[in-house]
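Trainee: Chains H and Y supply the protein sequences, listed in that same order.
With the numbering used here applied, the first sequence has no gaps in its numbers, which climb one by one up to 157 at the end.
With the numbering used here applied, the second sequence has no gaps in its numbers, which climb one by one up to 538 at the end.
Hint data in this document are derived by calculation from the structure and do not stem from the laboratory.
It cannot be assumed that every hint is accurate.
To spell it out: a stretch of chain Y is covered by chain H in this simulated footprint if at least three of its residues, at any positions, have a beta carbon under 8 Å from a beta carbon of chain H; those stretches are [as the list claims (entries may be wrong)]: (1) 321-335; (2) 420-430.
Distance condition first, Cα-Cα at most 20 Å in a straight line; then the derived PhoX-like pairs of lysine-lysine [as the list claims (entries may be wrong)]: (3) Y:K328 / Y:K262; (4) H:K93 / H:K105; (5) Y:K440 / Y:K419; (6) Y:K194 / Y:K469; (7) Y:K506 / H:K75; (8) Y:K294 / Y:K362; (9) Y:K224 / H:K99; (10) Y:K533 / Y:K194; (11) H:K105 / Y:K506; (12) H:K56 / Y:K314; (13) Y:K314 / Y:K275; (14) Y:K454 / H:K75; (15) Y:K537 / Y:K194; (16) Y:K471 / Y:K191; (17) Y:K469 / Y:K191.
The beta-carbon is built from N, C-alpha and C at its ideal position, and this holds for glycine as well.
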Amino acid sequence: MKLLTFIGCGLAYAAIFSLNAQDNLTQSIERGKELYMESCVTCHLANGQGLKGTFPPLAKSDFLLKYPEKSIHSIKFGMNGKVVVNGVTYNNAMPPSGFADDEIADVMNYIRNSFGNKNMQLVTEKMVAAVKEK
Amino acid sequence: MKSQFSMIKQSFKFFLLPVALLASGLLMSHCNISSNDGELSEKNLKSETIVTGLTMPWAMAFLPDGRVLVTERGGKLRIVKGGTLDPQEITGIPKVYYRGQGGLLDVVLHPNYKENGWIYISYSSPKQEGEAGDDNGANTALMRAKLDGHQLTNIEHLYKASPNVKGGVHFGGKILFDNKGYVFLSLGERGQKENSQNLSKAQGKMVRLHEDGKIPNDNPFVKTKDALPEIWSYGHRNPQGLVMHPTTGTIWAHEHGPQGGDELNIVEKGKNYGWPLITYGIDYDNSIISDKTEAPGMEQPVIYWKPSIAPCGMTFVNSPKFKEWNGDLLVGSLKFMNLEHLTIKGNKVVKKEVIFDKIGRVRDVKQGPDGNIYVVVENTGSIVKISPKA
Numbered sequence: 024m025k026l027l028t029f030i031g032c033g034l035a036y037a038a039i040f041s042l043n044a045q046d047n048l049t050q051s052i053e054r055g056k057e058l059y060m061e062s063c064v065t066c067h068l069a070n071g072q073g074l075k076g077t078f079p080p081l082a083k084s085d086f087l088l089k090y091p092e093k094s095i096h097s098i099k100f101g102m103n104g105k106v107v108v109n110g111v112t113y114n115n116a117m118p119p120s121g122f123a124d125d126e127i128a129d130v131m132n133y134i135r136n137s138f139g140n141k142n143m144q145l146v147t148e149k150m151v152a153a154v155k156e157k
Numbered sequence: 149m150k151s152q153f154s155m156i157k158q159s160f161k162f163f164l165l166p167v168a169l170l171a172s173g174l175l176m177s178h179c180n181i182s183s184n185d186g187e188l189s190e191k192n193l194k195s196e197t198i199v200t201g202l203t204m205p206w207a208m209a210f211l212p213d214g215r216v217l218v219t220e221r222g223g224k225l226r227i228v229k230g231g232t233l234d235p236q237e238i239t240g241i242p243k244v245y246y247r248g249q250g251g252l253l254d255v256v257l258h259p260n261y262k263e264n265g266w267i268y269i270s271y272s273s274p275k276q277e278g279e280a281g282d283d284n285g286a287n288t289a290l291m292r293a294k295l296d297g298h299q300l301t302n303i304e305h306l307y308k309a310s311p312n313v314k315g316g317v318h319f320g321g322k323i324l325f326d327n328k329g330y331v332f333l334s335l336g337e338r339g340q341k342e343n344s345q346n347l348s349k350a351q352g353k354m355v356r357l358h359e360d361g362k363i364p365n366d367n368p369f370v371k372t373k374d375a376l377p378e379i380w381s382y383g384h385r386n387p388q389g390l391v392m393h394p395t396t397g398t399i400w401a402h403e404h405g406p407q408g409g410d411e412l413n414i415v416e417k418g419k420n421y422g423w424p425l426i427t428y429g430i431d432y433d434n435s436i437i438s439d440k441t442e443a444p445g446m447e448q449p450v451i452y453w454k455p456s457i458a459p460c461g462m463t464f465v466n467s468p469k470f471k472e473w474n475g476d477l478l479v480g481s482l483k484f485m486n487l488e489h490l491t492i493k494g495n496k497v498v499k500k501e502v503i504f505d506k507i508g509r510v511r512d513v514k515q516g517p518d519g520n521i522y523v524v525v526e527n528t529g530s531i532v533k534i535s536p537k538a
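Turn these sequences into a full structure, and let the hints guide you.
Mentor: So, in structure tokens, the structure goes:
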């Protein structure tokens with residue numbers, strides 16, 4: 024009986040914890056969308072398709088999905104020069120967003136879970152703070 | 149007979165055709181040479197990077213002693229002397245709202261700078277106590293000051309656009325002196341497009357002030373109920389190119405539009421430039437902003453850009469070094485990282501050509517006191533000089 028209670032409590036705890044985590048992600052995505060519509064949409068567009076040859080896509084972007092740290096770095100500090108996304112070379116520049124670390128986390132969560140992208144793993148403010156200028 | 153014919157055909161293929169091509173090629177190149185007499189093009193120009201090391205430069209101003217003032221959007225005013233960036237920044241710049249497109253913006257000298265020493269600076273100003281609008285918001289402000297060594301002195305805050313708005317888009321920020329003693333400042337709509345049509349808010353407007361910041365009493369809406377008296381024209385989106393024609397004195401401005409809706413306008417007293425009631429563009433989520441491109445009482449642009457180029461910076465050419473281009477416009481493009489040369493006849497653009505493709509994200513284009521063209525490039529942190537090849 025004790026064991027059952029223990030397992031039961033554990034399951035309930037895990038369920039609440041994961042629900043909470045999902046809730047955090049959902050809320051972060053919502054906040055991120057607002058920021059995206061403010062600052063990112065003019066180049067990457069509302070559907071995350073970008074402009075082939077000029078502005079790289081975020082939708083199904085191998086760069087975004089493979090290199091979250093590099094993506095955080097580019098939102099935080101800007102990006103300059105050649106980058107290959109989904110086999111297409113882009114040679115443009117992105118200015119730094121001026122967003123705070125928690126806002127960058129929100130934008131990351133939004134773009135990793137939009138335009139057909141899916142990634143349940145939450146990007147946190149702490150993870151963004153850990154990315155230093157290179 | 150048949151074989152003879154095919155031989156001719158053969159020889160045409162292998163001999164005559166190349167000769168014909170060569171001949172026409174020579175002819176064409178001759179034509180080019182002759183048609184280029186008196187026609188200036190990128191081929192006759194060279195570009196040199198004269199300064200590097202700037203961090204997101206936005207605008208420049210040429211001091212009479214040969215030094216150049218440069219704003220960095222992050223909030224620093226810098227000096228370039230003899231092609232070298234002075235490591236010591238200028239103090240006295242107020243705190244700027246550095247977010248999205250905001251920050252330290254334009255720098256322009258008073259036309260009589262030599263006598264009075266006034267430097268005019270625009271920037272995204274965070275909300276101050278007692279100001280209207282969103283907490284943690286901002287809007288564009290204009291100040292003037294004098295330079296003493298590496299210090300701004302006699303700082304005067306001349307104007308702040310109202311209300312403060314949260315969010316990092318559409319600050320406008322271009323400063324222009326006309327030749328009648330007035331100063332103009334372009335203001336973006338801060339992402340609230342409907343307010344471009346609202347005369348009680350300074351968003352999406354051109355404002356006109358006396359050089360000390362006082363509002364001229366002949367501004368068009370001084371007597372209009374609930375209208376802000378500083379407004380000169382309205383219905384703008386995000387104007388970041390503002391120049392005066394060197395001979396006619398008319399004011400030309402370009403503005404960032406929605407997708408496919410960037411515009412070049414001739415700005416006149418009291419006029420409505422239509423945003424967002426009329427536009428040639430669509431929104432960034434492909435939604436329709438307006439099904440109208442024209443309407444009575446609203447001005448048509450001189451041209452619009454489809455696709456958008458994200459225009460920033462602009463100059464009229466008025467230089468003995470670019471004689472054939474005098475009276476034409478050079479416009480910077482952030483998006484395609486090039487310059488556009490617009491041939492102007494009267495109030496029309498008769499030709500558009502891209503020059504210096506891939507120069508970088510152009511923030512400012514100015515003609516220097518030496519008659520050469522200077523370009524501020526954001527992403528390379530540099531100033532590029534464009535001059536005729538010797």
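Trainee: Straight-line Cα separation of Y:K471 and Y:K191 no greater than 20 Å?
Mentor: Between Y:K471 and Y:K191 the Cα gap is close to 15 Å, so the pair holds against 20 Å.
Trainee: Holds or violated: Y:K194 with Y:K469, Cα cutoff 20 Å?
Mentor: Within the cut-off at roughly 12 Å; holds.
Trainee: For the region 420-430 of chain Y, do at least 3 residues have a Cβ located nearer than 8 Å to some Cβ of chain H?
Mentor: violated (count 0)
Trainee: Would you check the hint for Y:K294 and Y:K362, treating anything up to 20 Å between C-alpha atoms as holding?
Mentor: 19 Å, holds
Trainee: Does H:K105 sit within 20 Å of H:K93, going by the straight-line distance between their CA atoms?
Mentor: Since the Cα atoms of H:K93 and H:K105 sit roughly 13 Å apart, the hinted pair holds (cutoff 20 Å).
Trainee: Is H:K105 close enough to Y:K506, meaning Cα to Cα at most 20 Å?
Mentor: Measuring from Cα to Cα gives roughly 12 Å; hence the hint holds.
Trainee: With a cut-off of 20 Å on the C-alpha distance, tell me whether Y:K454 and H:K75 pass.
Mentor: Given pair Y:K454, H:K75 holds - Cα atoms ~16 Å apart, limit 20 Å.
Trainee: Can you confirm whether the C-alpha distance between Y:K469 and Y:K191 stays at or below 20 Å?
Mentor: Given pair Y:K469, Y:K191 holds - Cα atoms ~14 Å apart, limit 20 Å.
Trainee: Checking one constraint from the list: CA of Y:K328 to CA of Y:K262, max 20 Å. Satisfied?
Mentor: Answer holds: Y:K328 to Y:K262 is near 18 Å, not above 20 Å.
Trainee: Y:K533 and Y:K194 were given as a pair; does the straight-line alpha-carbon distance stay at or below 20 Å?
Mentor: 8 Å, holds
Trainee: Are three or more residues of the region 321-335 of chain Y within 8 Å, CB to CB, of chain H?
Mentor: violated (count 0)
Trainee: Assess, step by step, whether the Cα of Y:K506 is no farther than 20 Å from the Cα of H:K75, and give holds or violated.
Mentor: Given pair Y:K506, H:K75 holds - Cα atoms ~16 Å apart, limit 20 Å.
Checked against the numbered hints listed earlier, the structure breaks hints 1, 2; every other hint is satisfied.
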